[in-house]
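Student: Construct the complete structure from the given sequences, taking the supplied hints into account.
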Amino acid sequence: MADAPAAGRPGRALPPVRPEFERDEALEELPAAVQRPLRLRERLSGSEPFRLTVLLVALALGWQVYGLWLNNPLLVPTLGETLEAFWASVLSGVLPLRTWTSLRVLLLGYAAGVGLATVMTVLAITTRTGRDLLQLLTSMLAPLPAIALLPLALLWFGLGEPSTMFVLIHSVLWPLALNTYSGFRSVSETLRMAGQTIGVSGLRFVLKILIPAAFPSILTGLKISWAFSWRSLIAAELVFGVSAGSGGLGWFIFENRNQLEIAQVFAGLITVILIGLLVEGLVFRTVERRTVRRWGMQRA
Amino acid sequence: MSTVTALPTAAAPLLPPPLLSVDGVTLRYTTPEHVVTATQRVDFQVHAGDRFVLLGPSGCGKSTLLKAVAGFLDPVEGEIRLDGRPIRRPGPERVMVFQEFDQLLPWKTVAQNIVFALTENGVARREATDKARHALDTVGLARFADVYPHMLSGGMKQRVAIARAMALEPRILLMDEPFAALDALTRRKMQEELLALWEDVGFTVLFVTHSIEEAIVVGSRILVLSPHPGRVRAELNAHHLDHAASGGEAFHALSRRIHRLLFGEPAAAPRRLAHG
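Chains as they are written, first to last, in numbering that gives the first Met the number 0: chain A, 0 to 299; chain B, 0 to 275.
Hints were generated in silico from the structure; no laboratory data involved. Do not take every clue at face value.
To list a few chain B residues with every Cβ distance to chain A over 12 Å, as calculated [said to hold, decoys possible]:
#1 P31
#2 P56
#3 G58
#4 T108
#5 H133
#6 R163
#7 K188
#8 G201
#9 P228
#10 G263
Using C-beta positions, here's what the derived DEER-type ranges look like [stated by the list, open to error]:
#11 B/V146 <-> A/L55: 30 to 40 Å
#12 B/D42 <-> A/R22: 19 to 29 Å
#13 A/L140 <-> B/D136: 49 to 59 Å
Straight line, CA to CA, 27 Å or less: simulated BS3-like cross-link-like pairs of lysine-lysine [stated by the list, open to error]:
#14 A/K207 <-> A/K222
#15 B/K107 <-> A/K222
#16 A/K207 <-> B/K130
#17 B/K130 <-> B/K188
#18 B/K130 <-> B/K107
#19 A/K207 <-> B/K107
For each residue, glycine too, the CB sits at the ideal point set by N, CA and C.
Tutor: In structure tokens:
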């Protein structure tokens with residue numbers, strides 16, 4: 000083999016034959032120069048919360064500057080005015096009360112929707128009729144905006160919580176069921192067979208193999224339907240207004256707009272945003288970090 | 000066709016009852032367009048302690064055959080029996096190790112993967128933990144017990160899968176081209192490790208491969224299958240050959256023989272116009 004160049008065609012330039020060598024030093028252990036800790040700058044630019052905070056501060060500054068430049072508190076109050084109104088409403092206890100009213104209904108509706116979605120998905124993976132039903136219902140009802148159901152809900156359940164619940168369940172059920180079901184379907188054949196060959200079957204197979212394997216999709220479904228339910232809730236409250244003496248955040252926004260308290264309207268909107276950020280940042284991020292990221296099923 | 004060498008039936012009366020017997024098994028599966036016959040009336044017997052290899056080109060139904068032994072599909076004709084009992088469904092006494100790396104549960108650590116497999120089969124938690132540690136020791140991965148599978152290399156994932164399968168102490172270990180997705184160096188190392196493990200523990204393994212070299216090195220007995228549909232072409236002995244023998248004449252002779260059985264002409268021989 001070492002004489003291989005001889006096989007070359009005549010007149011063709013061949014690579015030179017170079018001396019061989021071996022290095023025993025390459026086997027020695029090196030001092031710990033192979034890895035070094037990240038510097039502060041590298042650490043900060045790698046931290047997502049840090050980057051998001053910087054972005055948020057920039058947006059807030061932009062708002063404040065624009066508000067000052069526009070100088071029309073009836074259209075866009077400045078960030079300062081909004082925060083003042085926010086703080087005043089918090090202190091007077093109105094905003095916490097409204098928030099609590101909204102959150103309570105939201106959590107009830109969300110829980111009911113999740114429960115129903117679970118039932119539908121279990122039906123869909125265990126029976127063919129269930130599967131067809133889920134596919135048909137999701138494609139029919141998922142595009143239907145919750146607000147479009149409000150007039151009907153009012154007719155059936157009257158003004159108040161039952162109507163809101165109905166609308167909430169509608170906005171949670173379909174996206175969650177659809178995501179969960181497609182998550183189950185995308186569990187790899189190898190993983191299914193691996194589960195079966197080590198002796199897992201029946202309900203335990205669903206609980207111990209399918210659900211964790213489909214968890215990234217389930218989590219996405221939970222996040223989407225959380226956002227959908229917030230939107231539907233605020234919309235419903237704007238329409239229903241006050242019921243049984245205590246309105247929610249939607250009502251707070253509507254009421255203040257009628258009284259041209261625009262800073263208060265912004266305070267209400269900010270509350271909705273804050274709760275959304277809080278739930279996303281604390282609840283969903285934590286769940287993600289402890290599950291799908293840790294398991295390598297989703298990139299960090 | 001069957002005029003080749005010593006007839007296997009001549010020695011049959013002396014044999015103990017086989018561990019696994021596959022009798023006249025025809026397997027079919029449906030694709031959206033066709034019904035495909037994967038194997039046609041295949042017979043073979045695996046005895047305790049065998050390293051039995053199913054070898055053949057793609058399309059010979061060797062993987063389908065292994066899946067049938069695992070219990071993932073039923074024969075349309077014939078029967079597969081383990082210890083005399085027909086196989087109905089997948090189960091831990093016939094654990095299968097797959098080619099794909101995603102056979103470990105990603106939400107469990109390496110050790111938890113093994114413990115889970117054991118506790119699901121009624122082993123007490125404490126005992127399962129001990130067994131898992133021991134199994135990881137035997138494949139040299141004790142240091143990685145608390146790591147999640149996605150942090151392991153392909154070879155390490157396969158070692159964990161083998162450790163998990165061995166921990167279940169199956170009657171027969173089924174391996175579907177377990178090293179095919181590995182690089183050549185790792186593959187060779189894993190083959191040696193499997194043989195060393197077999198020397199130590201003395202399990203029975205049914206191993207599918209499309210590599211003649213791997214069949215000779217890993218196998219003690221080789222079932223050569225012809226393609227479209229899979230039929231038994233030959234059953235050969237390779238218990239005397241391993242990596243150490245791979246440069247030798249016996250190894251090459253067997254390799255050429257298998258090559259001729261599969262493709263009709265010897266591998267090393269120069270091309271001829273016709274033979275006869």
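Student: Taking the hints in turn, state whether each one holds.
Tutor: Verification of the supplied hints:
{"no.": "1", "hint": "P31", "in the structure": "holds, 16 Å"}
{"no.": "2", "hint": "P56", "in the structure": "holds, 23 Å"}
{"no.": "3", "hint": "G58", "in the structure": "holds, 19 Å"}
{"no.": "4", "hint": "T108", "in the structure": "violated, 10 Å"}
{"no.": "5", "hint": "H133", "in the structure": "holds, 17 Å"}
{"no.": "6", "hint": "R163", "in the structure": "violated, 7 Å"}
{"no.": "7", "hint": "K188", "in the structure": "holds, 19 Å"}
{"no.": "8", "hint": "G201", "in the structure": "holds, 22 Å"}
{"no.": "9", "hint": "P228", "in the structure": "holds, 22 Å"}
{"no.": "10", "hint": "G263", "in the structure": "holds, 31 Å"}
{"no.": "11", "hint": "B/V146 <-> A/L55: 30 to 40 Å", "in the structure": "holds, 36 Å"}
{"no.": "12", "hint": "B/D42 <-> A/R22: 19 to 29 Å", "in the structure": "violated, 57 Å"}
{"no.": "13", "hint": "A/L140 <-> B/D136: 49 to 59 Å", "in the structure": "holds, 55 Å"}
{"no.": "14", "hint": "A/K207 <-> A/K222", "in the structure": "holds, 22 Å"}
{"no.": "15", "hint": "B/K107 <-> A/K222", "in the structure": "holds, 24 Å"}
{"no.": "16", "hint": "A/K207 <-> B/K130", "in the structure": "holds, 21 Å"}
{"no.": "17", "hint": "B/K130 <-> B/K188", "in the structure": "holds, 24 Å"}
{"no.": "18", "hint": "B/K130 <-> B/K107", "in the structure": "holds, 17 Å"}
{"no.": "19", "hint": "A/K207 <-> B/K107", "in the structure": "holds, 11 Å"}
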